[in-house]
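Going by the numbering used here, the sequence shown runs without a break in its numbering and finishes at 523.
Since the hints were derived computationally from the structure, they do not count as laboratory data.
Just so it is clear, CB atoms sit at the ideal spot from N, CA and C, and this is done for glycine as well.
Do not rely on the hints blindly, as some may be mistaken.
Unchecked claim - Listed next, the in silico EDC-like pairs over lysine to aspartate or glutamate satisfying Cα-Cα at most 20 Å (straight line): (1) LYS206 with ASP227; (2) LYS283 with ASP253; (3) LYS254 with ASP214.
Claimed, not checked - Restraint-style ranges between C-beta atoms, simulated for each label pair: (4) THR367 with PRO180: 18 to 28 Å; (5) HIS178 with TYR470: 37 to 47 Å; (6) SER463 with ARG170: 26 to 36 Å; (7) ALA468 with ARG520: 14 to 24 Å; (8) LYS206 with THR493: 32 to 42 Å.
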Amino acid sequence: MNLRILGALLRKEIVMMRHNPIIPKMIVGLPILALLIIPLVATFDVKDVEVAVIDNDHSLLSRRIISDMDASKELSVMAVVNTHGEAMDLIEKDKADVILSIPQHFSRDISQLNVEANGVNATKGMLGMQYVVSSVSSTLRDANMEEGRNVPDSLASVLYRFNPTLNFKHYMIPALMVFLIIMICGFLPALNLVSEKETGTIEAMNVTPVSRTVFVLSKLIPFWVTGILVITVGILIGFFVYGVAPAGNIACIYLAAILLSLVMSGLGVTIANKSATMLQTIFVMFAFIIIFQLMGGLFTPIGSMPEWAQYITYAVPPRFFNEIMRSIYLKGTTIFELRSQFIWLTAYAVLAITCAALTYRKRT
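Can you make the complete structure from the sequences, with help from the hints?
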C-alpha cells in the first residue's frame with residue numbers, strides 16, 4: 160500500500176467533506192441535537208400515574224397508604240371511591256391508570272391487595288402497578304417497625320438491579336450512540352461516494368493506478384475518525400448533561416465503536432458501489448437502518464422476540480454493539496465477559512470491509 164497516495168486521497172476527502180453543504184452539518188449537528196433533545200422527549204419514564212383507590216377499610220392504615228402514594232413523585236391519587244364499578248368507570252374514561260383495592264379489616268389482618276392496571280398504555284400500566292406495589296410495601300414496612308405487624312412476602316418491594324430508579328436515560332444514551340454511528344459512519348460514506356458518481360468526479364479516479372483498497376480506505380478513514388469523535392461527544396454529553404457515566408472500562412466502548420464503524424462504513428460503501436444514483440443509495444440504506452433498529456434490540460428486547468426471530472438477530476451487527484454498550488454502561492461488564500460480542504463484531508467488520516473493496520470496480 161502506497162501511504163503517500165493514501166495521504167493525498169485523505170486530504171482530498173477532507174477538502175470535499177468541508178465543501179459539502181450537508182455532511183459537515185450532520186457530523187456536528189446530529190450528535191449534539193440527538194443527545195441533547197431525544198433523551199428528554201423520547202422516554203419511557205413514567206410520571207404522574209393516576210391511581211383510583213377503593214378503600215373498603217376506612218382505617219388509619221388505609222388513609223396512610225393513600226397519603227403516602229399521593230405524596231410520591233410518580234403517583235397521584237385522583238379519586239377514592241367506594242365501589243369497583245366507579246373505579247372501572249374512571250379507567251374506561253382514561254382518567255385513571257391503576258386501581259388499588261384495599262379490602263375490609265385490612266388494618267387488622269394484612270392480606271394481599273388487589274391492583275389492576277389500564278392495559279391500553281401497557282408501559283404506563285405495568286410500571287404504574289409496580290410503583291403502587293412498591294409504595295404500599297414501603298408504608299407497610301414503616302407500620303411494621305412502628306407497631307410490630309408482619310408484612311406478607313407478596314407485598315415485598317420491587318428492586319431493579321443496575322438501574323434502581325428505572326431512569327430511561329441510562330437506557331437511551333447508549334442506544335443513541337448506536338444510532339449515531341449507523342447514520343454517520345454508514346449513511347454518510349455511502350452518500351459521499353455516490354455523489355461523486357453523479358457529478359462524474361469519480362471517473363478521474365478510475366483512470367489512475369490507485370488500487371481499490373487504497374481508494375476504499377480513503378473513503379472510510381475520515382468517517383472512522385468521525386465515529387470516534389461522535390462516541391466521545393456522546394460520553395461527555397451523557398456525563399455532564401444527564402449524569403450518566405459508564406460503569407465499566409471506556410476503552411471497551413471505543414473498541415466496540417471502532418468495530419461497528421468498520422461494519423457500517425463497509426456496508427455503506429458496498430451499497431454505494433452497487434448504486435447508480437443517490438436515491439437508490441438512500442432507499443437501500445434506510446431499509447438496512449430500519450432492520451437494524453427493529454431487530455438489533457434498540458427498542459424491542461431480543462429475548463421478547465419469537466425464537467426464530469432471535470436467531471435472525473445474529474445477522475444484525477448492531478445487536479452486539481447494543482449488548483456491549485448497555486452492559487458496560489449499566490453493569491460494568493469486562494471485555495472478557497463480552498468476548499463473544501466482540502468476536503461477532505470483528506467478523507462482521509472484516510466481512511464488510513472485504514465486500515467494500517471487492518465490489519469497487521474501476522471503469523475506463
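Against the earlier hints, flag every one the structure doesn't satisfy and list their numbers going up. 6, 7
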